[in-house]
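Asks: Could you put together the complete structure from these sequences and hints?
Protein sequences appear in the order of chains A and B. If you read the first sequence in my numbering, its first letter stands for residue 5, the second for the next number, and so on. If you read the second sequence in my numbering, its first letter stands for residue 5, the second for the next number, and so on.
It should be emphasised that the hints constitute simulated quantities derived from the structure, not laboratory data. Keep in mind that this is a model prediction, so the values were computed, not measured. Any given hint could turn out to be false.
Copies of the same chain are indistinguishable here, so a pair counts whether it falls within one copy or spans any two.
[Claimed, not checked] Straight-line Cα separation of at most 27 Å, DSSO-like style, residue types lysine-lysine; simulated pairs:
no.	residue 1	residue 2
1	Lys-73	Lys-23
2	Lys-73	Lys-138
3	Lys-97	Lys-138
4	Lys-138	Lys-243
Residue-level listing of the chains:
Protein chains: 2
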Amino acid sequence: MKESLAMNILIVYAHQEAKSFNSAMKDTACAVLAAAGHQVIVSDLYEMQFKATADRNDFARLGNPDYFKYQIEQNIAYDHGMLAEDIRIEQEKLRWADFVIFQFPLWWFSVPAILKGWIDRVFCTGFAYGGTHKFYNQGGLVGRKAMLALTTGGPDNMYSPTGMNGDIEKILYPIQHGMLYFVGMQVIPPFIAWSPARVSPEQREHYLLQYTQRLQTLETTQALAYPPLEAYDDTFQLKETH
Amino acid sequence: MKESLAMNILIVYAHQEAKSFNSAMKDTACAVLAAAGHQVIVSDLYEMQFKATADRNDFARLGNPDYFKYQIEQNIAYDHGMLAEDIRIEQEKLRWADFVIFQFPLWWFSVPAILKGWIDRVFCTGFAYGGTHKFYNQGGLVGRKAMLALTTGGPDNMYSPTGMNGDIEKILYPIQHGMLYFVGMQVIPPFIAWSPARVSPEQREHYLLQYTQRLQTLETTQALAYPPLEAYDDTFQLKETH
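Replies: If you want it as structure tokens, here you go:
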């Protein structure tokens, strides 16, 4: 183990059942990453009863009580230390983190509501984008990496480009590009355990072995190639030269 | 007005501010649709303080207290009348509805958490898919239509196929195909008000006029062409003949 590779790793975990495969993946990550010398902390959203709904209660005072716009209030509250404590705690974890793993079951081809609420509330204007930052490769969380670690209900062929559920790349695009890359994180390819509820115990073990290998090679896994802001022209279109 | 065209229309509305453009779109829809002879009801999710998080509290009793899996508990609770009352009320509205409009601001390239929670909790196994139903064109809500009515932060060119935020069709696919069509609803093209916070009052008025025209032609607007289950082979791949 080279000391220089040690990372601070945050796992944002969204499953209700300690005996679930999502929980096994989370526990595997904690053990494998700690053994490799990394520091790991877990935000267990259901255990924390993390508030999902973004509303007025997230701010100690409103900048504009006559017209409530969440993103504007985020920016004001962030600048003046008036964000709800649960949001500030999660933002502190993100400041500390070099790498963020999102562990969740794919529900309705997206993240469960409790995890969407974590994004809505914690990726706050002024902190994660906007204010003194921009977005994408100039977002507020630049310098960090992220990875989705997820389970599906259906088998992998349902999620192929010609599959019944549609291409998994297309399904994850709003999350990987629109949430994680938007705030400046480099996104490495997802680790997907296909249909763990419907495969054999041996296949589930194999998933955990494959996941272990991925966890041991996080630093060298190539990030998804999303264009930087500089690749777009004044009308926000990708330049042909890129 | 022809009596035979009158529909029952549910608007699922997710914005916190009564003076917002989302609210103006919702109010326009209520007025225009009522004037056309339709019955309209609104589920105002923030006003209702609709619970977003899918958890154990959604069930009066658990089928398997030793291993909590939300979708399995949904099916058991649905069959035995043990679903939380707020879920049952929303399902009753869906049974009544011929057409469902989802009115929301696009947050993080998806629906706000409170609306994702409505999907997670109300589109219950046994009711919206699974059990005696399948999914897609054989889902539990077959015979109904749906439409997204949304606002964005950025202008439309940011959401073109070569735009900085990616193709809006790709961004909405997990919602339109994965949530609405999955439960059997026919999805008509979205109505999108681009960046209402950054355009002129005249442009905002123009959006409401365009939206009015759409609302007056809901019945004749062609649904998005998603393949039926029969178009896929045994390995869930689209048949070449389709």
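Asks: Look at each hint and say if it fits the structure.
Replies: How the hints compare with the structure:
1. For the identical chains of this complex, Lys-73 and Lys-23 are inter-copy neighbours only, at 10 Å across copies versus 40 Å inside a copy, given an alpha-carbon limit of 27 Å.
2. Proximity of Lys-73 and Lys-138 under a CA criterion of 27 Å is satisfied intra-copy only: 19 Å inside one chain copy versus 40 Å between copies.
3. Proximity of Lys-97 and Lys-138 under a CA criterion of 27 Å is satisfied intra-copy only: 21 Å inside one chain copy versus 42 Å between copies.
4. Within a single copy, Lys-138 and Lys-243 get their C-alpha atoms as close as 19 Å, which meets the 27 Å cut-off; across copies the closest is 44 Å, which misses it.
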